[in-house]
Amino acid sequence: MTVLTRGAYAGPGTSLDFKTGNWRSTEKPAHIHAKAPCHAACPAGEDQQAWFAKLQEGHAEDAWRELVSANPLPAITGRVCPHPCETACNRVAVEGALAIHNVERWLGDEAMRRNWAYPVTEPAEDAPDVAIVGAGPGGVSAAYHCLRHGLRATLYETAPEAGGLLRSAIPRTRLPRETIDAELARVLGLPGITLHTRARLGRDVTIDELKRKHAAVLLAPGCQEGKEWSVDGAVPADLHEGLHLLKEFMDHGAVPEAKNVIVHGGGNTAMDLCRIMKRSGAETVTLITASVLPGPDADPSDVINVVPRELEEALEEGVEVIEHATINRLIMKGSQVCGAEIQSLRKLPGQDGRSRRVGFEGTERVINVDMVIPCIGERVDPEGLNGLVDHGYLRPSDRFGRLAEERVLALGDARGDRGTVADAIGDGRLAVSAVAAQLAGESDPPADARGEMPSGGLNLGYYEGISRAVAPKLAVADRTFDKEIEGDIGRAAVMAEAERCMACGNCLACDNCWTFCPDNAVIKTEELAVDGSHYLFDMDFCKGCGICAHECPTGFIQMLPEEAGG
Amino acid sequence: MSTEGQDAARLAELRQKFGREPLPPREGEAEQSPRDAQPRFRGLESGHRACQGCGEALAARLVMECAGPDVMIANATGCLEVFTTAWPQSAWRVPWVHSLFENAAAVASGMEAAMKAKGRNTKVLAFGGDGGTYDIGFQALSGMLERYHNVLYVCFDNEAYMNTGIQRSSSTPHAATTTTSPAGKERMGKRHLKKDLLSIIAAHHIPFAASASVAYAADLQRKVRYAMGVDGPTFLVVHSPCPLGWRHASAMTIEVARRAVECGLFPLVEIERGAVTNVMPIRDVRPVTDYLSLQGRFAHLMKDADSRAAEERAHLQALADYNIEVFGLRGDSPDAADTTGTAVVGRSGRPAGRI
Amino acid sequence: MLEALEGSQAIARAVALCRPDVVAAYPITPQTHIVEALSRLVAQGDMKTEFVSVESEFSAASVVLGAAAAGTRAYTATASQGVLLMAEVLFNIAGLRVPLVMTVANRAVSAPLSIWNDHSDSMAVRDSGWIQLHCADNQEAVDTTIQAFRITQETELPVMVCMDGFVLTHTFEPIDLPTQDAIDGWLPPLEFSRKLDPGDPKSLGTLVSPDFFAEVRHSHHAAMTKALSVIGEVDEAWSALTGRSCGGLLEVSGDPAARIGILAMGSTCGTIQTGMEHAAGEVGSARLIKLRAFRPFPADALRAACEGLDHLIVIDRAISPGLGGVVGTEVAATLADVPGAPRIHNHALGLGGRDIPETIYADLMATVTDPDSPAFSVFDADMEKLDPEDR
Amino acid sequence: MIEYRIHGRGGQGSVAAAYLLAAAAFHAGQMCQAFPAFGAERRGAPVTAFVRTDEHPIRLRSQVREPHFLIVQDGTLLQDAGITSGLRPGGGMIVNTTRTSEDISERFGHRALTVRATEFAVEEIGRPIPNTALLAAFLSATGLFPIDSLAAALRERFSGEVLEGNLRLVERAAGTVERETWKEPADA
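Residue numbers (the numbering used here), protein chains in the order written: chain A, 401 to 966; chain B, 1410 to 1764; chain C, 4 to 394; chain D, 74 to 261.
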């Protein structure tokens, strides 16, 4: 029985006996991890937001370890990746995307400088061994992820050294040899990975043999064969197919002379060749692409798939681009090409709902050229692939890369719908995760079903404009065939850049919920909050007002329906 | 403590990805509950009976965090008093007394005189709403300031008599509707202007008088800390939205308060000895309609067809412009202490822009 | 030691002897001399106290409320309109059960404006929950003031010391003020159990639901009832110290065998007594009852004091328009169930400072034998001064 | 019991005169009571104060209606014929005026003493406050209490030059009237 106090005084903090939590009627707050758009956009599966968080805490090595939990080659991807993460970055709504690739590159370089150890241990002697055909970025990624899953990996590479197209198709101006050598060496030197070079599938090893010796076979052969290219049946006698030309250049350092060049395509190979041809002395280099240049009105799915800064640099260097266009026919003088008729086109939805490209009559025009370089893609060399190649590519049945043959998975460019180093690295990670699960008798790892946090889900009032780090670049006049064009932004800029990360959809530990709860129902705790935040909701007192959710800068707190009867 | 809604499997998964290992309890603190271990003073405890999203409860909590345990409070009658002390419970963890609606400043004067008589330094605070401060308690407040009591008076300004169900006060903004200033064929809400209380307070030439807003917690707390250090009368008016009376969603409390500052209708200023010594610059000045449109009490001003509505909107815009001009609120360049800079957040509660 | 002093000066000196920590007051006639005297004592360094010169009686009451709640000994004084301006706080102080002493220099309440003495002010707050003690002369006022500080500590009920404005406050007469040592030994330091203390933070002045409000009021009433014995005990203790008594709850004098009694409060008692001394031979003697404690109301003591009376004249110094005299009505109610209770003759007189001459005794005695005498009258009202319609 | 009524104007120290007279009685071993006819009058308006002295405690609190003595601080107040209302036949009036005692006595039918109190006061204390001089003359004439008791009362109230001036005033004013000429009540 409550007994009256004299003058009806009350003791301190006794209101804790009054649980206002039962005032919530419709909604309650919850911590909802959403994917940051950078993460959602990353083909390699990196969670940029997560490693930026470590940087914000001042821990660069932790950031790198978080990074390499998905991608073991940040020094390389930081240089070559077209960084869809930056395109997706919500920071655009404030003042501009984060310089993610610069930070990634710095972390990769810093790891090598400081010899940070990859967060893996040597698998057991008798651990299952996975065969990986092709030691390009996809293969190396797969080998690395094997270690993460406690598996051993054996790489079979046709070439004398690992690297694949990193060595054969990416100019040194973008990716110095030293970087490739150093980062690959660190990964391939990890105990548990064995590399056999000069081992060609179909000649030195066969899939059947590999299947017998290994727990699984991952095929990462890349695309080695140029597609046939003709325009209305016309093929110039001295046709220079893009990838071959690029490899030739990488091997010999020279390209055929030409005055007016057309490059036809819309990828990095095309872009690299434009710049090489221009630097080699061509008067005009014109890129004909069906895609569109990035811009405010550009449909993202239609934008040219190249590293944006490469495009920028190419334009700086004088490369011309004709977008939304294709080559209708070649104008020949004998077997030599002397001109090309081009026509404008657009990607439009067809009657079946799938989009197709439609040329517009009356937009044809002719330009004079003396060299046409088609860069329209390559195909898998079918040798040794047991007939798994389907219309030029290995076409897996699921996201892990499973092929028709048991325990054989495909990854990287050979899958035909890839195209970037990051894609290959992501494929390697996914394929290994499926193999590991299968070996452990488990079902396939679930896809990350978290939603993506759009900029509209953030409270942008809590961020202010901070200018993006700018990387040093060689002046156009100083650009050669060897020297890396983009430089390092340095530690200070990296740390400053980290401050710009808005932690979309994740806890920024900013204290806003703790600060703004009128009911003192947010508990700040390092001990108990295990969901990556620093806070708990004390549902005994939360009245469900929703202030914490509205004032959460990152959208990490959201109001969920109060369960009936709950 | 319940952590419902966070199922174990999900927790395990999240812990795998993001989590840190739970830390062992700190030495000698094994008995402490997480609530007791909060790294801030909980002068105003949970379990109070304020409405969802109450700006005043938040403001009082923020003030108490900085005021600390060695204080005593005289609280005027009003929402804050009613929702914190329904006998036999009290949400306060400091000595607290409620006497009447209009005498908080005088009761505080007596408490302060008592502390002086006893040679103690315990700081006395007086809390009142706008009714108890702008209106009925104004005389007692003026007396307290004139007699130079060492008291920090905090007015939680929610711009109407909310405790009794939203009647107009002299702090109610022009054109806002309340139950005693309704809009109708003949009226567009309150006919009179919001009383410029701070100027009147400033005329007492006290050491420190300031306005603050719940939307700018760091700024508010800085002002409280400053006032706590002053040996003499200090005054703080805190703009504290009332979701019920202003008719906005409970989640919008901070947003509404922020916009009031950003449009210039509620300027954040500091006045020492009668002179304005600091203002919070507005980095991006908003139109007043950004503020008005969130609130039902101004809904009658949002009717495009009504020419009187346009006129009142223009009037309120002119009042905001006046504040911006008189106090020089427009920020010249980005400043860490302007409306945007103050709000900027960083990881781990690191004081990015928090002063 | 006996000194000739103005009443107000004596009260100020008595208050100073009790060493209050906080004094807050707002000047109002006829209390002003008390505040001025206290101010002088403070200015001269003869009194160590926090003197808060407030801007209104409302704040005066509020300030001493705060000071008392904070655990210090506090004092205020007022009169008339001041009491009414304080009214809200007075109820609050009592409800909070904080120890306080206040002097009321009784004065009429406006309108019309009157600065002169009657009891309308303290009567208006008789239900506030304060102890109300009335003083017949300045010696009693001094003694009662000091006693009040002890009563309020022992009961945790505020005490209002009522003394007639001007008639006492402005009258210069010999008064015996105790020594500081005597008071220091007699009045223990204040230890308020529910004081505001950061070491033991309590919340005072909570919201109480209907479930408990009745209990709150009952406990207050019970405390007031218990205070009856405290008032008596403290007066006895005072008597032990000084040899003087104020009469406890009430004091009976005059002719114990008389069948007629006269009950009065405050300074009227002395005039009645003098009147009787001079006129007893002509109109007979009476039993005089000086009611000192008006709240709590000493019902048992009153019944005992009235034993054997056929008539009781009750003098009211205030009027409850539409009812009559407040004291008279309460006395009548108290005696209603007493077998053979005296007939009550209730008269309001001396309203708004109307001088009460000593001849009043004989005039009052005459009403007892007048069969047409009304149960209540404004005794000294002159009907000739009224428009016939207003009589 | 002896009762006194003091007439004066606001600002002339009439209440002070009452208190001084009572204090003098107190110092002479008598009981006393002094109080003003409480009013809201301002400077210059006629005011009244009352004194009672007795060997026994005084309980009566009514105004003095039938004084034994009148003390009139300002001769101009004599224009009001009612000023002597209630004055007992055996009593007397002492008046601050330049007129003669006989004049006054004749006009009001009571024995009277006149004192040039204002003149003395201006000369001795530099201010036209007649009360001390009047009281001194009054006590000298009546012999009710020793002059020393008035001096004692003044010492409680004043100090320094003001006190010295007042003491000189007492001596001077007392010397202007015939000592104990009113020792006995007047023949009615």
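Derived from the structure by calculation, the hints contain no laboratory data. Just so it is clear, CB atoms sit at the ideal spot from N, CA and C, and this is done for glycine as well. Please note: incorrect hints may appear among the correct ones.
Here are the simulated DSS-like cross-link-like pairs (lysine-lysine), alpha carbons at most 30 Å apart as the crow flies [to be verified]:
1. K659(A) with K647(A)
2. K388(C) with K1527(B)
3. K613(A) with K678(A)
4. K1525(B) with K198(C)
5. K51(C) with K1525(B)
6. K627(A) with K659(A)
7. K613(A) with K627(A)
8. K613(A) with K647(A)
9. K659(A) with K873(A)
10. K419(A) with K198(C)
11. K1527(B) with K1603(B)
12. K229(C) with K51(C)
13. K659(A) with K613(A)
14. K198(C) with K229(C)
15. K51(C) with K1527(B)
Some chain C residues flagged as far from chain A (calculated, every beta-carbon gap over 10 Å) [said to hold, decoys possible]:
16. V211
17. E236
18. D383
Examples of chain B residues toward chain A, derived with CB under 7 Å [claimed, not checked]:
19. E1454
20. G1456
21. A1500
22. Y1557
23. S1579
24. H1583
25. M1637
26. P1696
27. A1708
28. H1709
29. M1711
30. K1712
31. T1749
32. V1753
33. V1754
Consistency of the hints with the structure:
no. : hint                   : result
1   : K659(A) with K647(A)   : holds, 21 Å
2   : K388(C) with K1527(B)  : violated, 57 Å
3   : K613(A) with K678(A)   : violated, 49 Å
4   : K1525(B) with K198(C)  : holds, 15 Å
5   : K51(C) with K1525(B)   : holds, 11 Å
6   : K627(A) with K659(A)   : holds, 25 Å
7   : K613(A) with K627(A)   : violated, 34 Å
8   : K613(A) with K647(A)   : violated, 33 Å
9   : K659(A) with K873(A)   : holds, 27 Å
10  : K419(A) with K198(C)   : holds, 28 Å
11  : K1527(B) with K1603(B) : violated, 40 Å
12  : K229(C) with K51(C)    : violated, 33 Å
13  : K659(A) with K613(A)   : violated, 54 Å
14  : K198(C) with K229(C)   : holds, 22 Å
15  : K51(C) with K1527(B)   : holds, 11 Å
16  : V211                   : violated, 5 Å
17  : E236                   : holds, 20 Å
18  : D383                   : holds, 43 Å
19  : E1454                  : holds, 4 Å
20  : G1456                  : holds, 3 Å
21  : A1500                  : holds, 4 Å
22  : Y1557                  : violated, 30 Å
23  : S1579                  : violated, 25 Å
24  : H1583                  : violated, 26 Å
25  : M1637                  : violated, 19 Å
26  : P1696                  : violated, 16 Å
27  : A1708                  : violated, 21 Å
28  : H1709                  : violated, 25 Å
29  : M1711                  : violated, 21 Å
30  : K1712                  : violated, 27 Å
31  : T1749                  : holds, 5 Å
32  : V1753                  : holds, 5 Å
33  : V1754                  : holds, 4 Å
Of the numbered hints given earlier, the model fails hints 2, 3, 7, 8, 11, 12, 13, 16, 22, 23, 24, 25, 26, 27, 28, 29, 30; all others are met.
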